[in-house]
Amino acid sequence: MFRGSMVALITPMRQDGSVDAKAFQDLVEWQIAEGTEGLIPVGTTGESPTLTHDEHKRVVELCVEAARGRVPVIAGAGSNSTAEAIDFAQHAKKAGADATLVVTPYYNKPTQEGLFLHFTAIADAVDIPMFIYNIPARSVIDMTPETMGRLAKHKNIVGVKDATANLTRPLHTKRACGADFIQLSGEDHTALAFNASGGVGCISVTANVAPRLCAEMHKAWRAGRTEEAMAIQDRLVPLHDALFCETSPGPVKYAASLIGKSTDHCRLPLAPLAESSKARVREAMVSVGLLN
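Heads up: the sequence shown begins at 0 in numbering that gives the first Met the number 0, then just goes up one per residue.
Heads up, some of the hints might be wrong.
Cβ-Cβ distance ranges computed for the label pairs, FRET-style [unchecked claim]: (1) Gln111 <-> Gly288: 40 to 50 angstroms; (2) Ala270 <-> Asn107: 34 to 44 angstroms; (3) Asn291 <-> Gly95: 33 to 43 angstroms; (4) Ala32 <-> Leu290: 13 to 23 angstroms.
These are computed hints drawn from the structure, not numbers from a lab. All of these numbers come straight from a predicted model, not from anything done at the bench. Note that beta-carbon positions come from the ideal geometry of N, C-alpha and C, so glycine has one too.
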């Protein structure tokens with residue numbers, strides 16, 4: 000159920016900064032039509048840090064409503080407050096999400112024991128499958144494979160979105176958590192290499208604007224068409240690079256604006272993209288064949 004090309008959805012906004020519900024649901028529909036195999040609303044790419052709690056919950060509801068059960072929805076439900084994370088997870092279940100994605104608590108820097116207690120408390124409180132989101136570059140903490148192995152024993156904790164870009168990590172995670180623990184890459188550049196080390200898919204930023212290519216790459220990999228998958232990977236590298244030339248989701252929202260899927264508006268403190276960055280994103284979109 001949870002595998003292949005999954006997308007960390009942007010949250011389209013009008014130029015006044017309000018959430019554009021129609022554009023969001025249109026984006027979901029397009030993603031499914033293009034072959035995306037899973038939807039992840041209100042993660043970092045969805046600007047969850049600057050959405051109000053009501054907006055956060057509404058975006059999850061909009062995603063579930065638009066998906067109509069055709070592909071799984073993994074709702075972002077993370078917070079550095081355990082009580083807030085429980086509230087988001089409870090809402091995700093009520094809204095009909097298939098799972099939650101819970102980031103390691105940022106800023107307050109818990110110990111490994113604190114991480115264990117945080118995720119256990121959420122998993123005990125809400126009977127819904129949970130994915131741990133391990134992204135040290137954003138949260139300043141790295142959950143160790145040993146801690147993840149302890150958490151994997153919980154019936155509700157089913158997998159990880161690994162954004163460490165460390166290609167030895169899935170090997171150690173598999174040893175600690177078992178072969179059934181679902182490992183999803185959170186880093187576009189290393190998606191295929193991650194799959195080769197035990198992963199089964201990627202929660203992708205690039206899939207926001209190149210969903211068909213990302214889906215075809217993963218499907219080719221699963222079918223054993225390795226050369227085809229690697230050729231698509233090579234084609235996408237300049238786009239992966241460009242979409243992180245400034246803090247995400249700034250570049251990917253600009254890329255989405257070029258193909259009419261969103262405005263390029265991001266909420267402060269994210270600044271508008273520099274002109275040089277816009278040129279780089281546009282050039283990459285052309286080079287991949289997404290723009291003329």
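*Starting from the hint list further up, note which numbers the structure goes against and sort them upward.*
As far as the earlier hints go, only 2 is violated by this structure.
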